Amino acid sequence: NAGVTQTPKFQVLKTGQSMTLQCAQDMNHNSMYWYRQDPGMGLRLIYYSASEGTTDKGEVPNGYNVSRLNKREFSLRLESAAPSQTSVYFCASSRDSNNSPLHFGNGTRLTVT
Amino acid sequence: GESVGLHLPTLSVQEGDNSIINCAYSNSASDYFIWYKQESGKGPQFIIDIRSNMDKRQGQRVTVLLNKTVKHLSLQIAATQPGDSAVYFCAENRIYNQGGKLIFGQGTELSVKP
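Just so you know, the sequences run in chain order S and P. Just so you know, we're using this note's numbering here: the first sequence kicks off at 1 and counts up by one. Just so you know, we're using this note's numbering here: the second sequence kicks off at 1001 and counts up by one.
FYI, nobody ran anything at the bench for these hints, they're computed from the structure. Every value quoted in this text rests on a predicted model; they were computed, and no experiment measured them. For glycine and all other residues, C-beta sits at the position ideal for the given N, C-alpha and C. Heads up, some of the hints might be wrong.
[To be verified] Okay, derived cross-link-like pairs now, EDC-like style, lysine to aspartate or glutamate, Cα gap no bigger than 16 Å in a straight line: (1) P/Lys1042 with S/Asp96; (2) P/Lys1101 with S/Asp56; (3) P/Lys1101 with S/Asp26; (4) P/Lys1101 with S/Glu73.
[What the hints assert, rightly or not] Computed beta-carbon distance windows for the label pairs: (5) P/Gln1060 with S/Asn28: 23 to 29 Å; (6) S/Val12 with P/Asp1055: 46 to 52 Å; (7) P/Asn1053 with S/Thr113: 29 to 35 Å; (8) P/Pro1114 with S/Thr86: 45 to 51 Å; (9) S/Arg77 with P/Gln1060: 20 to 26 Å; (10) P/Gln1060 with S/Thr113: 24 to 30 Å; (11) P/Phe1046 with S/Glu52: 27 to 33 Å; (12) S/Thr20 with P/Lys1071: 36 to 42 Å; (13) S/Gly3 with P/Asp1017: 27 to 33 Å; (14) S/Asp96 with P/Asn1053: 36 to 42 Å.
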């Protein structure tokens, strides 16, 4: 089992460019999440999908969109990247959306210039 | 406002000593708590969890204590090893209308001296 796989590992964008971060899990988990991690801010929830076919906003959703493509895959899209979106992005999954530990990928380091 | 926070941003311990990492939370409705370990360049790794109907849970070399009276969570690592050096995060499952959301604290960096 690979667990949670994120691509790409690194990305540099210019302001205004768009891109999609990909995430896939092979643990048959129902719930998936996108977090961003910034120095001194900890992990902040961007969007989550409690189950296939549903998505909901987290703490910091502005500037992002998500797609739960199927049970395995949950993508995060930046339509018009801004320097404030420079961060490390983590995808995670859990068996369900309540009282289940999250399993994280190894992150995508995004720099917006 | 509500917060999940850590008392110490950094902790330095001697190899072989026990480590204690503390976490305070303010939402008394939170029903589930988790400790994660994050090594440089990697994603957070699950260590141990505890539900609000318990006050202590033990794993391999780790113990989590939950004091709901003062809303305090701690992680104890026995016989700390160099491989334990990492950033440790506590997280609480806050209850909202649509279910729970895991909210993370800012992290404590543990440094183990040989």
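To see whether the hints hold, each was checked on the structure:
1. P/Lys1042 with S/Asp96: Measuring from Cα to Cα gives roughly 23 Å; hence the hint is violated.
2. P/Lys1101 with S/Asp56: 11 Å, holds
3. P/Lys1101 with S/Asp26: 22 Å, violated
4. P/Lys1101 with S/Glu73: With Cα atoms ~20 Å apart, P/Lys1101 and S/Glu73 exceed 16 Å; violated.
5. P/Gln1060 with S/Asn28: 23 to 29 Å: 26 Å, holds
6. S/Val12 with P/Asp1055: 46 to 52 Å: 48 Å, holds
7. P/Asn1053 with S/Thr113: 29 to 35 Å: 49 Å, violated
8. P/Pro1114 with S/Thr86: 45 to 51 Å: With a Cβ separation near 35 Å, P/Pro1114 and S/Thr86 fall outside 45 to 51 Å, so the hint is violated.
9. S/Arg77 with P/Gln1060: 20 to 26 Å: Since S/Arg77 and P/Gln1060 have Cβ atoms about 40 Å apart, the given range 20 to 26 Å is violated.
10. P/Gln1060 with S/Thr113: 24 to 30 Å: About 44 Å separates the Cβ atoms of P/Gln1060 and S/Thr113, which means 24 to 30 Å is violated.
11. P/Phe1046 with S/Glu52: 27 to 33 Å: Violated, at about 23 Å.
12. S/Thr20 with P/Lys1071: 36 to 42 Å: Check passed, 39 Å falls within 36 to 42 Å.
13. S/Gly3 with P/Asp1017: 27 to 33 Å: 32 Å, holds
14. S/Asp96 with P/Asn1053: 36 to 42 Å: 18 Å, violated
In this structure, the earlier hints numbered 1, 3, 4, 7, 8, 9, 10, 11, 14 are contradicted, and the remaining ones agree with it.
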